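Colleague: Once you've looked at the hints, go ahead and assemble the two chains, each given alone in its own frame, into the complex.
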Amino acid sequence: MKLVHIYKTFYPNTPKEVKALTDINLTFKKGEFTTLSGESGSGKTTLLNLIGGLDTPTSGQIFLDDQEISAFSETQMAKLRLKNIGFIFQAYNLIQVLTVRENIGFIMQLLKFDDKEIDARISELASILQIEDILDKLPGEISGGQQQRVAVARAVASRPKLILADEPTANLDSKNSERLMRMLRTLNEKEHITVIFASHDKYVLEQSKRIIVLDDGVVIEDR
Amino acid sequence: MLLSLAFKNITKSKGRSVTTILLSTIATIFFIAYVALMDGSHQQIIKNSVEIYTGYAHVNLKGYREESDYGHLIEDANIIDSILKNERAIKAYAPRFETYALLSAGETSVGSMITGIIPSAEKRLSKLESSLVRGRYLDNHDTHAIYLGNELAKRLKVDIGSQISLVGSSIDYSIAADLFTVKGIFKTGLFDFDAQSAFVNKPYLDTIMLSDNKASYFTLTFHDNDHIDRATTALQHKLPSAYEAVNWKNLLSALVQAMLVDSIFGYISISIFFLVIFFVIMIFSYVNIYTRIREIGLLRALGLTSKDIFGMLFAEILLLATFSIVIGTIIGASIAYYYELHPIVISGIAETYREYGVVSDEIPTHFDFFTIAWNALTIFVLNLASIIYPVSQINKLTAMEAIRYV
Chain A
-12 MKLVHIYKTF
-2 YPNTPKEVKA
8 LTDINLTFKK
18 GEFTTLSGES
28 GSGKTTLLNL
38 IGGLDTPTSG
48 QIFLDDQEIS
58 AFSETQMAKL
68 RLKNIGFIFQ
78 AYNLIQVLTV
88 RENIGFIMQL
98 LKFDDKEIDA
108 RISELASILQ
118 IEDILDKLPG
128 EISGGQQQRV
138 AVARAVASRP
148 KLILADEPTA
158 NLDSKNSERL
168 MRMLRTLNEK
178 EHITVIFASH
188 DKYVLEQSKR
198 IIVLDDGVVI
208 EDR
Chain B
273 MLLSLAFKNI
283 TKSKGRSVTT
293 ILLSTIATIF
303 FIAYVALMDG
313 SHQQIIKNSV
323 EIYTGYAHVN
333 LKGYREESDY
343 GHLIEDANII
353 DSILKNERAI
363 KAYAPRFETY
373 ALLSAGETSV
383 GSMITGIIPS
393 AEKRLSKLES
403 SLVRGRYLDN
413 HDTHAIYLGN
423 ELAKRLKVDI
433 GSQISLVGSS
443 IDYSIAADLF
453 TVKGIFKTGL
463 FDFDAQSAFV
473 NKPYLDTIML
483 SDNKASYFTL
493 TFHDNDHIDR
503 ATTALQHKLP
513 SAYEAVNWKN
523 LLSALVQAML
533 VDSIFGYISI
543 SIFFLVIFFV
553 IMIFSYVNIY
563 TRIREIGLLR
573 ALGLTSKDIF
583 GMLFAEILLL
593 ATFSIVIGTI
603 IGASIAYYYE
613 LHPIVISGIA
623 ETYREYGVVS
633 DEIPTHFDFF
643 TIAWNALTIF
653 VLNLASIIYP
663 VSQINKLTAM
673 EAIRYV
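Chains A and B, in that order, give the protein sequences.
For the first sequence, the residue numbers in the numbering used here are -12 to 210.
For the second sequence, the residue numbers in the numbering used here are 273 to 678.
Just chain B, with the same shape it has in the complex (with noise of 0.2 Å):
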């Protein structure tokens, strides 16, 4: 009977009920687009980060993230190669060896990192072929071709066939010099990535630098790398104990701070769009049950118990909160469904924030059921909560109080 009076009073009271329903959908369709926006730009930045070069995950000897130089390089490298082989998990890898140089052209001279690589391998592990501006990408058998970020070669002045000097250290610590001519230019759009990185084609490399089977790392590529810290784990335990399997929140640590701090300021946002909407509901709430005053009394004179009159109230919000949640849920969904699809573009948003690895003016939403489940379970929360202070105001009266009530 209390919930057929609660069906009864949400169907007689039309306006009462639709700018209840308006609010929780409007709050709810909010709410999901937010985060799916906030999580989608999070995981975009990240990804752009993880792919362009760096890579899921990395195997090197322990201490060469804290010490990078040639001490800590893996010393065989086909010892790892064929544990990597054999590894499932893995879909691929390639050893690079990196090192620092001075590159000279004409009168200008700029240190960079200089990186060797297997080019075909490169190509399932990073975006370094598909960041090619002019010339052409690396290939296997390539000796004196080097690959330059755009704003290494503006800084070099340098353009497709110049020559450029290389100097550096091999690893016996003797000087290694060579001539290369610029081949390709990239542009990833990380700012400090481009002004800083040369690639070479690391069998000539290991030639200059001494440094056969020997890698700075391997960067490797799981089949699922939404659980690459169980994957990361696994490999862990199939390295001989001097070598390391470190995953890409380790690497990009101070990103992964960053996001952290940014998703902090983020959830701040939240708990402050969710008081505002938890007042905005409550008040609505409040002043809905005290213009039925006069009925509650009513019906408490009648028999119905402080318990009841909550029950009926309850049953109401509970009706009103599930039929917008619904609604809500379904076209916040849709939204973060539709701009993961086609992302949003804001103009000039990638060289704004490109220091932060923003590489694109597309910002993606994330839709994920469990992100819109708890979202949509939040404000229905939210609405059940809203009630409980008016109604506990009003069961404070007696029915002769609430009947009187003016």
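Isolated chain A, as found in the complex (with noise of 0.2 Å):
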């Protein structure tokens, strides 16, 4: 994935305008393992939304495999999104009304995989990510920690090229933290899948290979 030249304004033009990003230029090799670093309103979540499709560039381009992202329609984005991207969010965002066997499996049930692969992917994810007694729950009956891990499976399941977590570890305890990191550390050298996160965690920088600092909207440090 390659960002030439990204800026990102909120309220243009208007007295409540924000510069969110100015010029950045990365670039994200398959299988990193990166965190996006910095202060609270440093840009490091808006970052993280333009590389996901989530959100806009003001200006600039984003590639993904060479093809140029930033000018998608909704729609195609939405289908990229879909193929391409897992999202963990720092609030789990789980669908309440479906079982956590049904979160894992949504995103592969709307690709269309076949039922058994389903419940195969399943399985094994609720193997390693120690879930496998609470599949037939409701998010709504399971702990926070719990509903990460969920998280982290169906963001996993399909197999996406990119993996994008916005404070996975903000609303969990060291511990489960440590968990949560030692998994994506797993998935990511066993299924070559690319992880980037927003985080000022200590120990989520730790198990980083690449550091990526913000400051204001400017990449200040790539480590």
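One thing to keep in mind: the hints can contain errors.
Computed, partial: chain A to chain B, Cβ under 7 Å [unchecked claim]:
id, residue
1, Asn36
2, Asp42
3, Thr62
Hint data in this document are derived by calculation from the structure and do not stem from the laboratory.
Note that the structure is predicted; figures quoted are calculated from it, not measured.
By construction, the Cβ of each residue, glycine as well, lies at the ideal position given by its N, Cα and C atoms.
Modeller: Encoded structure:
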């Protein structure tokens, strides 16, 4: 994935104008395990949303596999997200009316995977993420840590090219944070999925292979 | 998957689903019952007017409707009789001779419509016999017998057995006069009719009016009066060109117009009802959908397109609307059917609306599959249409805006 001269301004040409990102140029290679870091308001979540196509840049181009996705329509972008991108949100964002099993298989169902393949994948991920015993429960019936693991399972189930995780450890205690990062690292290594975090959690930063630091919408460090 | 998600959204959000079902079910019941009542009351008024005296159709000389004078009589009633006798679509028919005369009793005189009828034939064509309140109905051998409306009897201050003199004009415009005895008094409930009408055995009246083998018109009823226009047109083709077949829609054109005006007001009321129902359902859908905006944003973020979201919400309303309209239609249709068999009784309504042909305090509903079907379909379409605006508004938001929406 390649970002070229990305600018993002909220409420442009109004008194409330906010320049969230300024001239961002980044490249992410397949299989990277990267964290976008910085203080609150530095622009890391905005950048993550742009990478995931949840928002559009004010100017600049975003390429995925040489396709300029920043020029995609909303429908094209939705299809791209469905096939290529898995999201892990800070607030888990599970579908409340679906069971854990259905939540994990949701994207695969939409992509019309074979039922047997879906069942096998759910079992595999449930085993890795240690959520076998809650598969038939609703999100409201399980703990926050369990919900976050279900969110991870949902994000990786269809083997997307890219996983974007926005502050995935913010609502977890240290034990669960450690477990989550270990799991994502394992999935990254085993399935070669590119993972990009937006986080300022020290533990997340320690686990990352690459850290991009933002300050006031500008990349100030990339190591 | 989306259909399954829609179904789960319905079953897991019971309060929301029950409220939506109740709204649509009540709207369907109310709409079907309202239209059935409106149609039923109109049909009752028309049926009364047609069946009490006028009849479903007439055959008369062209021009008789415009000028009902002796110059427009059927000169040879036998010709028409032989045509009608061979017309298989006709269930019953009879000639009538209508004229105006002065009826006097004691010191009271009243101008009234005197009609010569074939008493036995009229039993199958009108409700004159069943409207009898005192005395007896006419028979085919009566000579000096007269059958009076109760209001006319009151005006003449006569009762059964009273003598009445008739002075009129025979068809050669000579004076026709005779004495009659009141044999029966009838009450149809149609005030003007009861106040102006008197009936005499036609063969006897013909001897006074010199109208033998003549008639003002033939009244008739078909086996299938539901397709009256088709039947009348078919009959018209068999009549000599000087004659015309006219059905009740033309004979009672003023009443038909009045019903039409009433229907227009009825449909205006229904339109207002539609608008209210539409906005109630739409506002409810709007609130429902906006309370789920975060969930919708999430689905968009996960890769569902605007079309998918519309499809899911459409499937939800489709399932709920189908369920509630089936229930509402069963209940509404049952109400329409029950009150068709057991009409609603509103005491005094006949007295209040008798000038409009209301002769009974009973108001039946009209049970008709086609009407019920379009009523139900209308509510169904309103339900589906009600989500278009809320969904279009939500789909204007990006996935991120929807997730963050407060």
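Colleague: Under the criterion of a CB-CB separation shorter than 7 Å, is Thr62/A in contact with chain B as hinted?
Modeller: Holds - the Cβ of Thr62/A comes within 7 Å of chain B, reaching about 5 Å at its closest.
Colleague: For the restraint on Asp42/A, tell me whether the closest CB of chain B is nearer than 7 Å.
Modeller: 5 Å, holds
Colleague: Hint Asn36/A vs chain B: min CB-CB distance below 7 Å?
Modeller: 6 Å, holds
No hint from the list above goes unmet by this structure.
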